[in-house]
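Undergrad: If you want the building blocks of each chain, they are given just below.
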Amino acid sequence: MKSLGSIRRSFAPWADPTSIPFIAVKNVTKKFGDFVAVDDLSLNIYPREFFALLGASGCGKSTLLRMLAGFEQPTSGEIVLDGQSLAGIPPYKRPVNMMFQSYALFPHMTVENNIAFGLKQDGMPKADIAERVDQMLKLVKLDKFAKRKPHQLSGGQRQRVALARSLAKRPKVLLLDEPLGALDKKLREETQFELMDLQQELGLTFVVVTHDQEEAMTMADRIAVMAHGKVVQVATPPEIYEAPNSRFVADFIGDVNIFDGTVSAVGNGTIEIATETGFTVRVASTEPPAVGAKAGFAVRPEKIRVGRDQPACAPLNAAQGEIWDIGYLGDMTVFHVKLKDGKVIKASSLNAVRAVEDPLGYDQEVWISFDENAGVVLKD
Amino acid sequence: MAKFGSALFNRLVIIIPYAWLLFFFLIPFFIVIRISLSETAVAMPPYLPVFDLASGVGGFIDNIKQFSIDNYIWLTEDALYTKAYASSLWIAGVSTFLTLLIAYPVAYGMAQAPNTIRPTLLMLVILPFWTSFLIRVYAWIAILKPEGLFNQLLLTLGLIDQPLIILNTNWAIYIGIVYSYLPFMVLPIYSSLEKMDHSLTEAAQDLGCTPIRAFWRVTFPLSMPGVIAGCMLVFIPAVGEFVIPDLLGGSETLMIGKTLWNEFNANRDWPVSAAVATILLLILVVPIMFFQHAQAKADGEGR
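Quick note, the sequences are listed as chains Y and R, same order. In terms of this note's numbering, the first sequence has 166 at position 166, counting the first letter as 1, and numbering is strictly consecutive. In terms of this note's numbering, the second sequence has 277 at position 277, counting the first letter as 1, and numbering is strictly consecutive.
Keep in mind the hints are simulated off the structure, nothing from the lab. One or more hints might be untrue.
[What the hints assert, rightly or not] Cβ pair distances, simulated, as ranges:
#1 Y:F11 - R:Q112: 41 to 51 Å
#2 R:L80 - Y:R148: 12 to 22 Å
#3 Y:F193 - R:A113: 51 to 61 Å
[As the list claims (entries may be wrong)] Each computed BS3-like pair below joins lysine-lysine, with the alpha-carbon atoms no more than 30 Å apart:
#4 Y:K172 - Y:K93
#5 R:K297 - Y:K144
#6 R:K297 - Y:K149
#7 R:K195 - Y:K31
#8 R:K195 - Y:K93
#9 R:K195 - Y:K149
We put the beta carbon where it would ideally sit given N, CA and C, even for glycine.
Put together the whole structure using the sequences plus the hints.
TA: So this is what it looks like as structure tokens:
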């Protein structure tokens with residue numbers, strides 16, 4: 001079998017203007033009374049894509065998923081699947097299946113019958129059903145549990161039955177609502193990779209709703225970050241992390257230090273921002289704002305160096321402070337550094353060697369510094 | 001000391017229901033069986049033998065020897081009793097089925113209602129209990145009699161030109177039982193539907209079921225414990241029902257409750273009526289055991 005990487009590396013239909021989206025969400029709005037759950041939202045999802053809808057609870061991601069499944073109808077706008085409008089098509093006629101957050105396994109049926117349920121509805125011949133159920137059980141490694149009832153299974157096994165049941169009908173699109181939410185951390189991490197392998201193997205389009213950014217980053221080809229019923233940014237995980245388009249996304253995904261300031265100079269591919277903290281940042285910018293404009297600068301903790309000596313780039317991209325807190329996490333150490341104006345920033349460094357001679361200690365005077373391409377400019 | 005006290009308390013708590021059953025079910029039941037094995041006498045009490053402590057152990061054994069199953073044989077010889085049992089089971093069965101037909105949609109509607117109005121709906125189901133059962137059954141006489149409210153309504157609307165004869169027929173009994181026992185059917189079905197995860201029906205629809213199929217494949221099977229409990233709660237008392245057939249039924253209505261009442265009061269034949277009651281109990285024990293089996297199964301699945 002080919003490794004995921006070799007297939008994934010070249011997979012970017014969204015970058016190709018000639019590729020046709022498999023699911024097109026067009027200006028969809030969903031209101032519940034006065035409450036706007038989804039607000040004029042447009043999205044394209046491509047065939048074989050693993051697409052994640054990421055956001056805090058109440059951001060409208062689940063409502064969007066339920067509209068794809070057919071449990072809710074858009075108040076306005078349209079959803080097109082494989083060239084066909086889904087308007088007015090009830091859930092039982094849509095070529096999509098959903099894996100529910102609660103798994104929604106039928107408690108009065110065995111594992112086998114749960115998986116066969118959808119196939120029986122389609123009137124598939126008995127022998128074919130048996131064969132397909134067998135195949136699905138093997139796929140999720142539950143062949144020994146066919147005759148069990150859901151309440152006789154562990155949480156992880158139930159999750160896999162739910163997955164097998166939703167995949168049994170070979171849907172064009174699989175919708176997953178917080179698929180790993182009920183699993184413990186270790187199992188969740190394992191299952192993330194299993195899901196990715198499965199999606200690749202079956203060649204299906206997956207749309208997953210999650211509030212767990214790590215889960216979205218690990219599994220998805222692209223992530224749509226949602227807030228207040230709108231999509232804030234749609235991009236690949238590295239783009240979302242390294243080039244957030246807004247303060248919201250920068251803050252929502254991972255840890256970040258944000259410095260507010262004013263643009264003081266615009267140069268050749270770089271700009272300088274005089275931060276309110278008192279030092280000047282020089283940062284790469286492709287679409288520079290005008291001199292004098294307000295701008296923010298966001299930089300991730302792992303891209304900040306902490307050291308005793310004054311860096312060569314000072315006074316640009318460097319500031320003095322003292323170590324305020326140290327968090328030792330094993331694989332890395334997180335420093336909280338209090339700058340001269342009292343602002344506390346986070347910096348992390350990888351513990352690449354087992355024992356450091358003379359490690360940085362509490363209350364120590366240090367310099368923080370970073371490269372010109374370490375952070376991004378936030379215009380809002 | 002404290003531990004001993006709490007252990008004692010636990011024992012006491014367990015003893016209470018057993019003591020209740022012993023004093024209010026088992027002892028009376030054995031008295032009924034004992035009377036059913038006796039023979040009628042013009043005396044007080046109206047049966048023989050009567051145990052007397054003064055006659056000693058020998059007298060006790062003589063009395064036991066007088067016991068016979070003649071009354072039970074009598075029940076099989078007179079077709080009246082067999083007919084009364086069969087007719088009671090039939091009427092109770094039809095009534096239970098009709099109650100289920102009405103109660104299920106009511107319970108389903110209540111379970112689907114918004115959380116805010118559910119307590120009100122529950123209250124409305126229980127509300128009829130606030131007036132006397134007897135008064136409510138009498139009210140049905142006023143409604144169903146030939147010149148009653150129901151016939152007047154139909155006549156006024158021009159749907160019929162002659163009053164329907166409903167009172168004093170089996171239909172009046174069905175109506176009376178369905179009306180009286182409806183809450184006992186609605187409540188257990190409601191409680192089984194109410195705790196059901198709504199995403200189960202969504203999952204069924206997602207997998208290709210129309211809403212109606214989803215109901216029959218998922219919702220209805222999962223509400224079976226409630227349906228069984230409701231049917232037992234209606235069927236068992238309906239078989240032995242006396243008031244409703246007596247007030248609403250006609251002279252040709254044969255129900256075991258009425259037969260028993262006649263034997264006991266009109267004929268003053270305690271031993272035969274005791275035998276009738278014992279057989280009725282045996283007929284009902286079977287469905288009760290069935291009911292308990294279903295309950296135990298439902299509990300097992302809940303775990």
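Undergrad: State for each hint whether it applies.
TA: Here is how each hint holds up against the structure:
no.: 1; hint: Y:F11 - R:Q112: 41 to 51 Å; verdict: 45 Å, holds
no.: 2; hint: R:L80 - Y:R148: 12 to 22 Å; verdict: 54 Å, violated
no.: 3; hint: Y:F193 - R:A113: 51 to 61 Å; verdict: 44 Å, violated
no.: 4; hint: Y:K172 - Y:K93; verdict: 12 Å, holds
no.: 5; hint: R:K297 - Y:K144; verdict: 24 Å, holds
no.: 6; hint: R:K297 - Y:K149; verdict: 14 Å, holds
no.: 7; hint: R:K195 - Y:K31; verdict: 28 Å, holds
no.: 8; hint: R:K195 - Y:K93; verdict: 28 Å, holds
no.: 9; hint: R:K195 - Y:K149; verdict: 19 Å, holds
Checked against the numbered hints listed earlier, the structure breaks hints 2, 3; every other hint is satisfied.
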